[in-house]
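Student: Residues per chain are reported as follows:
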Amino acid sequence: MLELGTYSLWAALFFALAGAGFLGLGMLWDRKDLLRNGYYAVYGFFLTTVVAAAVLLQAFLKGDFGFSYVVENSDASLSTFYRIAGFWAGQQGSFLLWLLLLAIVAVVIALLDLIRLERLTGGAVMVLGIISAVFAALMVFDAGSNPFVRAAAGAQPFGLNPLLLHPAMVLHPPALFIGYVGLAVPFAYAVSTLLLGRGDKLWVQRAQKWGVAGWLFLSLGIGLGAWWAYVVLSFGGYWGWDPVENTSLVPWLTATALLHAFTLYKARGLFKHWALGLAAATFFFTILATWTTRTGLISSVHAFEKNSLLIDILTTFLAVTAALSIGLSAWRWGRFKSHDELQSVLSREFLYYVTNLLLTLFAVAVAFGTVVVPLTMNRTVGPSTYNSIAQPLGVVTLALIAICPLLAWRKTDGAQLSRRLILPLVTMGLSAVLWLSLGFQSDLLGFIGLLVCGFAFGAVIQFVLHAARKAAGPAKSLWLGLGRAFTGSRTRTGAYFVHLGMVLIVAGLLGSNVYKVEKSTIVKVKPGATAGLNGYTLTYRTMDESTGAQGSVRSVAHFDVAKDGAPIGTLAPHTDVYPVSGAAVRAVILGRAFEDLFVVADEPFDSSSKTIALRTVIFPLIRWVWIGSILLCAGAVVSLWPRGRRKEQEARVPEANAAVGDAARADGATA
Amino acid sequence: MNKKSRTRLLIATGVIVVVFVIGVVFLVQRQGAYYRQVSDLTTGKYDGKNVKVGGRVLGGSIDRDASGVHFTIEDLTGKSDTVKVTYAGQMPNTFDAGVDVVVVGKYASTDGVITADQLQTKCPSKYKGQASPSAQLGQ
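So the sequence lines, in the order shown, correspond to chains A and B. Mapped onto my numbering, the consecutive letters of the first sequence carry residue numbers 0 to 670. Mapped onto my numbering, the consecutive letters of the second sequence carry residue numbers 8 to 146.
Derived from the structure by calculation, the hints contain no laboratory data. Do not rely on the hints blindly, as some may be mistaken.
[Unchecked claim] Derived SDA-like pairs: lysine to any residue, alpha-carbon spacing no greater than 20 Å straight-line:
1) A/Lys518 x B/Ser68
2) A/Lys523 x B/Gly75
3) B/Lys113 x A/Met376
4) A/Lys518 x A/Lys469
[What the hints assert, rightly or not] According to the in silico footprint, chain A covers these stretches of chain B (three or more CB under 8 Å from chain A):
5) 16-27
6) 82-90
All C-beta atoms, glycine included, are put in the ideal place defined by N, C-alpha and C.
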């Protein structure tokens, strides 16, 4: 079976290159027959990759320990769910998963375009083919990246790392990879449109949904990772500004900017270079993420082993991507001039621009701190530095996101804007009451940030109401309008949810970072011994032991929890001792509406311990981060939801009329 | 592009970029920790500076009280220098005597202590350095 896997990878490499070759020539000479042949080669690439992936998957399912990779990431005791997860638990398998996802995306685009056979799409699939060839080559030529390596005779299976035995950790890597691959599509189309010198918006129309899907899965992946870190890693937080986290945040930031640049490109034909640049930057940063974690050049707790061939291939790939993007953009610069002009600073497009600028700068700063500072300055940047950049920037960006939809395209009428600001200001005032009652006045900057969240909340509602009023038409029925506002444009409806989600996320991040309280207490292992923090009292009751996964022994300490004397529940922090990989403490969390009580032992304990070093942490508003993340993903799903062609056209007409009306009003105001 | 708006756009861009770059450079200069060996600290050049130091935890040096964990690490390059570390955060699961750790924090030469705000253990495990069981995001 090992041979079948390796041969399939070779075949995949061949088909990916052949496809790219045909498509490249087909695009260059505008020959539909060559494009069609290119797509057939892409089918071959897809099929061979599926075979390779199936070989590895069956090895995990059957527990075939002849595969060195299976030995390292699985054992016979695991359930089917975690056996499948072993597929992407290490470097080799994650490359194969990445290749499989690239193959799926390429084949879907090829199938959709088999009738049309347009040059632009052919060029984009060519780019995807080249990217796939790089990944296939990595696995074929670098033994350290090849999942089909024979295990040494008598090798003992390592089992899955116990920290990864969690549903979030099973889903986190594939979500990230789907995100990365989805975001490769805008890049592929950008390269294609640059090669063809097409400055129109076709490439944006083709790439936009892929970009949104990629962004959705990247958001989901980051959210799952944070949640896993919170509940499993037990370090008293959910984001450590570790290189591996940072390098997934960076493409998320540029992708967020990219989606806005797409809207601007399509709606107004402005800042086209930004859309191209962000598409390229996002792809570059997804590869940089792999480069950072896989080459071992940046010391991260997650880093894989150092490996020189891998470093050479990935570094070259990064350099070529950057050089190609810059070169092509410079060559075609003039073709992508804005075909409209920015009329006023007080306009929606201007705020879009500033938001994108800030997101991009934030991304560059995080990448700089994560990669450039350690490599060139022999220094390292810690969480406090990132926090002091992220907190003000996050709040300012949220303020811009809040105001942006309240402004009109082109030029905003001052009186109209003041009317639209009333509701957000009212919600800001109301939120102040809530924040004060929660005691958040203790930090001024945090308080200001939370006030902005209150403002942004009202702004989202105003955004919906405004759309409703516009959609209500002559009947002036608000309900009808509201219905239409939600069914009109999928993108806009999605944006309501995403923006509302962002408000909750920023509020939750501020609350749980700025107002986090923690304390470590050494508690005697004696019934009645207590630990306390901010009105919470934990009273030790008993300890018991049980056996868990992978032959581990779990010691559980039971505590009663009371708030201001009234019992509110129990908490049972525990330690798992694994026979092969040592002890792991696990945190437990008591969730309440406005804060989480997070409890974990500072050191592993068992029934022979005399004391437990108990860390108690209070995370205000942290739940809002999870709720906000769900809303954000739901919003992206809404905007992706397919709809019938006829309905699409119907919806476009009133929208177009509204846009014309808007513009006419703006022009009237100018006159 | 409308000329007045274009000028404003360029000015706004310039101001934002300049403020941002200055801010980031300032923060990195002030807070960025130097990668150093334990033996480098004795030169006195790093008093009051943020440092990132790797070392091996000395047997019998670990002491815990309400203010956190105190321990001593020795140089990894074969020199005999040691430095004391105080850390108040969550301990990684595999922290123990004899383990190699990386600490990041402020060094004070007067009492020879690094007050660490980050601590990571390097795990010599058979997980080949992939997300090792010790992979705590030491914060």
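Student: Hint by hint, which ones does the structure fall short of?
Tutor: 1, 4, 6
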